[in-house]
Amino acid sequence: MRPRPPIKGRGIFSGTGLVIAALAATASALLYPLWSYAGHQDAADATAAVLSAQTVTTPYGPLSTQDRDFITKVRLADLWELPAGELAEHKGTTAAVRTAGQHLVDGHTSLDAHVRTVATQLGTPLPNEPNTQQTQWLDTLTATQGEDFDRTFAGILRLAHGRVYTLAAQVRADTQNSLVRDLADDTNATVLDHIKVMEATGYVDFAALAKELAASPTPVAAPPAVAPSAAVPVMPSPSDSYSMPPATASPPPATSSP
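So the sequence shown is residues 0 to 257, counted in numbering that gives the first Met the number 0.
None of these hints come from the bench; they were simulated from the model. Heads up, a few of these hints could be off.
Unchecked claim - List time: in silico DMTMM-like cross-link candidates among lysine to aspartate or glutamate, alpha-carbon distance up to 25 Å:
#1 Lys-210 with Glu-198
#2 Lys-195 with Glu-85
#3 Lys-210 with Glu-128
#4 Lys-195 with Asp-184
#5 Lys-195 with Asp-147
#6 Lys-195 with Glu-88
#7 Lys-210 with Asp-111
#8 Lys-195 with Asp-185
#9 Lys-90 with Asp-138
#10 Lys-90 with Asp-68
#11 Lys-90 with Asp-105
#12 Lys-195 with Asp-105
#13 Lys-195 with Glu-146
#14 Lys-90 with Glu-198
#15 Lys-195 with Glu-211
#16 Lys-90 with Asp-185
#17 Lys-210 with Asp-105
#18 Lys-90 with Asp-147
#19 Lys-90 with Glu-128
#20 Lys-90 with Glu-146
#21 Lys-210 with Asp-181
#22 Lys-90 with Asp-204
#23 Lys-90 with Asp-192
#24 Lys-195 with Asp-181
Kindly generate the complete structure, drawing on both the sequences and the hints.
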């Protein structure tokens, strides 16, 4: 029996099928990044929408969640660091510790007036008592006497001011609100002064400080939610003398020279 001759066209159809399969695979490869990008873009748009919803428009520029959180944390720092300074003025066993206490009282009295003014301008509620961590620090300082007080005071306050200094610098770099920028400038100037007077006491353990700062990257403990009944009135007192930065406005139109 003679062998059956090959069927004409089978090779052509087979080759065509391979070409079609290859084209389909190529199309899928080209379209997948588009589908993938569309999915990522949808997620990015959703994130941007959430962030936009958390930002409030004010005459002084956009007020972000970070801005409002910073205002609250400055107020919280004032609420416990001012009485800590008063404790140091009365309980410090060295002139350097008592001087550091005086700097805290003066600095946070001024800074608190400033943050209350900013909160009034921006309609931001403020807490009227320290958070749990800050209350514990005050309790520790109240119960400590003698040189133990000096050492504990310098250690706790240097740690707290280091965290706030980092936070204020970040807010100053990021904020689009002119009032918050001014408050961040005032905060960093005040905090830097307090850092220096704490170090001047001679009681700061820098090795322990580095470990504490590395172990807790959060600048300060998260503030508690402020219920309307717990919000302190934020109208500035007559002694407040802060000049407000100008409201943000578009630059004047350019005039052509004659």
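TODO: Take the C-alpha atoms of Lys-90 and Glu-128, compute the straight-line distance between them, and say whether it is at most 25 Å.
DONE: Given that 25 Å is the threshold and the Cα spacing comes to 23 Å, the pair holds.
Open item on the list: Hint check: Lys-195 vs Asp-147, CA-CA at most 25 Å. Holds or violated?
Closed with: 20 Å, holds
- [ ] Decide if the proposed pair is consistent with the structure: Lys-90 and Asp-147, CA atoms, cutoff 25 Å inclusive.
- [x] Distance ~11 Å between Lys-90 and Asp-147 Cα, so the pair holds.
Open item on the list: Check the hint pairing Lys-195 with Glu-85 against an upper bound of 25 Å on the C-alpha distance.
Closed with: 18 Å, holds
Task: Restraint status (C-alpha distance of Lys-90 to Asp-204 at most 25 Å) - done: 20 Å, holds
- [ ] Sort out whether Asp-68 lies within 25 Å of Lys-90, counting only the CA atoms.
- [x] Judged against 25 Å, a Cα distance of about 33 Å means the pair is violated.
Task: Satisfaction of hint between Glu-146 and Lys-90, Cα-Cα up to 25 Å - done: Holds: Lys-90 and Glu-146 sit about 9 Å apart, inside 25 Å.
Task: Hint consistency between Lys-90 and Asp-105 [alpha-carbon to alpha-carbon, up to 25 Å] - done: It holds: about 17 Å lies between the C-alpha atoms, which stays within 25 Å.
Task: Hinted pair Lys-195 and Glu-211, Cα distance within 25 Å - done: Judged against 25 Å, a Cα distance of about 18 Å means the pair holds.
Open item on the list: So if I understand the rule, the pair passes when the alpha-carbon distance is 25 Å or less; does Lys-90 with Asp-192 pass?
Closed with: Holds: Lys-90 and Asp-192 sit about 21 Å apart, inside 25 Å.
Task: Hinted pair Lys-90 and Asp-185, Cα distance within 25 Å - done: Given that 25 Å is the threshold and the Cα spacing comes to 28 Å, the pair is violated.
TODO: Assess, step by step, whether the Cα of Lys-195 is no farther than 25 Å from the Cα of Asp-184, and give holds or violated.
DONE: Holds, at roughly 17 Å.
Hints 3, 7, 10, 16, 17 and 21, counting from the list given before, are not met by this structure.
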